[in-house]
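> So the chains spell out like this:
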Amino acid sequence: MSKVIKLNVIDRPKSDYTGGPSSLCPGCGHDQISGVIIQACWENGIEPSRIAKMSGIGCSSKTPAYFLGQSHGFNTVHGRMPSVTTGANMVNKDLVYLGVSGDGDSASIGIGQFIHAIRRNLNMVYIIENNGVYGLTKGQYSATVEKGSKKRKGAPNEQPPIDMCKLAINLGCGFVARSFSGAKKQLTSLMKAALSHNGMAVIDVISPCVTFANNDESYKSYGYVKTQSEELHGVDYIHHFQPMNEVDIPEGGFEDVELFDGSVLRLETLSTEYDYTDPTAAIAALHAAEVDKKHITGLLHHNTDMPTADEDQGLVDTPLCDLSEDMLRPSKERHEEIMARFRA
Amino acid sequence: MCIPEMDVSINDFVINVATANGTGSQSSNLILLNSMFEMGVPVSGKNLFPSNISGLPTWYIIRASDQGYQAPGDKTDIQVLMNADTWFKDIEKVESGSVIIFNENVKLPVERDDCLVFGLPMTKLARGINPKMAKMIANMYYVGVIQHLIGIDQVALEKAVNRQFKGKKSAVEVNLRAIEEGRKMAEEGITWDSPHAVEARQKKEGTFLIDGNEAAALGSIYGGVNMLSWYPITPSSSLAEGIIHWLPQLRETEDGMSTCAVVQAEDELAAAGMVLGAGWAGGRGMTCTSGPGISLMSEFIGLAYFAEVPGVIWDVNRVGPSTGLPTRTQQGDLNLLREASHGDTEHIVLIPGTVEECFEFGWRAFDYAERFQTLVFGFSDLDLGMNNWVCSGFEYPDEPIDRGKVVRSAEQMAAIENYGRYRDVDGDGIPYRTLPGSGLDPILYRGTGHDEDGIYSEDPEVYQKLMMRLKRKLFNARKHLPSPVIREETQKDVGIIYMGSMENSIQEIDDIIEETGLKVSQCRVRAVPLHPDIEAFIERHNRVIVLEINRDGQLYGVLRKELPINLVPKISSVAYSDGMPPRARIYADLILEVLKEGAQ
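Chains as they are written, first to last, in this note's numbering: chain A, 2 to 345; chain B, 30 to 629.
Calculated from the structure, these hints are not laboratory results.
With the C-beta cut set under 7 Å, the calculated list includes, among others, these residues of chain B facing chain A:
| no. | residue |
| --- | --- |
| 1 | Gly235 |
| 2 | Ala299 |
| 3 | Ala307 |
Derived list of chain A stretches under chain B, where covered just means 3 residues or more per stretch with a C-beta under 8 Å from a C-beta of chain B:
| no. | segment |
| --- | --- |
| 4 | 47-56 |
| 5 | 85-94 |
Don't be surprised by glycine CBs; every beta carbon is placed ideally from N, CA and C.
Kindly produce the complete structure, drawing on both the sequences and the hints.
What follows is the structure, given as structure tokens:
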């Protein structure tokens, strides 16, 4: 009996979405996130050639080699992935831009580009694989490490953290979520929703560094996150191509977030109500969690108010990289007119 | 007065206007320049402005020269005094017998019995026309005085005023009235004969005045730029603004949709990153900046070199190091551009010397970038970029757009034997590439070591082979780049190798040296890596001077590095930079000094 290979909505097996073998430390949270990226892109039925994998420098930024082997990618320079993605997006707005960065890459050297990409509402998914340390240079603290958190070696960190979600919400980002590399179901739903969003979608994923900061005193260790995090809501992603009658209706309260491509992110109420449309409520919740030394996860904020960076440009429909010479160079007749105007 | 009788010099004098910036003197100065240009008088204008918006000293130098000399002259013949702050220094510099025109309302003395002096209460008169605009209109009075003095034709003047105020009726009227008042008062008040005059010449058919930045902007548009990223910096901002100005007219569809994105970046690093992103995705990305921006972009420049991503960066050079003299000119960035970024890197640098070449290299830069899959620099400077130059018109590109070795279909891919993103299948050092979205042989571009298929590699042999191919690729490029412009004497005494905006002073320098009896040939370098013709030029001449506007002789350094060792003793460096556009006398004297020292 032959083995049945499961295909997605565009008739592709999951193996079309995998990449090369990972060279990260065994158990690294980043590998779990790579798995989720593969799963989400496959389940969403995105043509691999339409995806552009973008990254900066660091452990996280190496991962595009480990997923989506049939997609082009650019492993750029430290902290500058957003600008390269901006340039690419301007000349080819039809691609799905999937950026992978880390807390060193995004919260320190690249924080300016992170901020400005959000300000422009660059149409991309921006994943921060956040472990609070610089892994590739052997475990120095990064700017997202919480006050009082302690990595495996050395003194506890005394400086307040930069919360990338708070920052993104403050800047008006239209899709901001936080998750945990070990929360596969939640992360997959959020990842799929981010891919369905039109505009900047930031997912800050707590992703423990098993080598340098997986001790219990580290607030981003597996043990700490498992006991000290709280889900804002249950999340369930419903594809736009999935008939609604096939979807289970939750028993408790729920709210549907309608996404750009027609898909839905269903938020199931857990203990308390959470208003994802109110940015100030999100900031308050993040602040309270920081005071309590807890992590909150889920869809923190969603709005669709802003045009994307490429929509803002008023560009022709055809991606600029595909334009032919007659669209790129003014005609000889036009040239003569311009020269005559100068000579008048 | 004890002024000796003298001949009237026709179309051979220098006007220096001293004002404060923010007073609108740019308009009056351009009216003077343009009205003389309309008469067919060969003129050039240099704006010496401060890094400031309002209140600091500014000078504008206009040189009329039938010989076509465009460098600022050695001395001032007509000095206009409008600025109290520089008043006495400006007076001190004026040579005996010169003309001084001044604004009486500044209320400072002009004690020069040895000069031809005329003052008007310009601010007060301007107040009579329009009190609110008096500061601006006051400048028009010296235009009127000079019109009378040197005999500027009224039709030409009116045309220049109309052009300056874009035909806006009220502005044209007010300013013409002030100019006329000034002229009439000069007619009545000036008792001496002017030693300088203009005489109409046949205006060269089809010529107009334009600055290099606008020329490069237009060239870029004809080159099919798809993405302009930029961060404001003097003196390059007007290049970006030129593109933004022309895009709606030249690069939009009938329904107003654009074929070029414009992003004002958060800094130069981001601007460079966007250029790489656009090039990686198969578009034509560019940015423009000045030296400080190039310093910031250097990391990305190395990535573009190593990952072989096309892109265009214009450097409109200002005076370094550091913030330097932000509004003065220099050729001090050549070394930086040639080898920007860490490790072994080298880049193609195109060096226009005229506004026509700013246009031409504007479009060619993209073709070179995609042909050689690397960054290409346009290397201009403040003098060429921001001053007005006579232009004979831009020639329409004589070659179709060259997209380089891009594989766009499976059939094309199948025809390539043993494809690899970084494999030199043609033996010219240039590999083929595929674009994101095509589905053809996707790879993860990277700044880390990579093998011929683009896979991460630290293998010693793989790295060394890759670096040697990159070297070969750029070495092969040199014969495709713009060849030098050579003006050669039959008697090969002295050859001068120079570049860029020195073009505007070279003929005067040449003439000064030839007064000593030596014959001077000229060779203007228009690209690095160096074209083989330059080597041959050196071989043919007894002595070769490498002349440039910087302290260290950067072009000389490039030549020393790239020339065969036996030719190196033949070349000598003459490098000088004080922030000013090159004055011929200074450079000619330095050359003569070096020649006197004999062969080194």
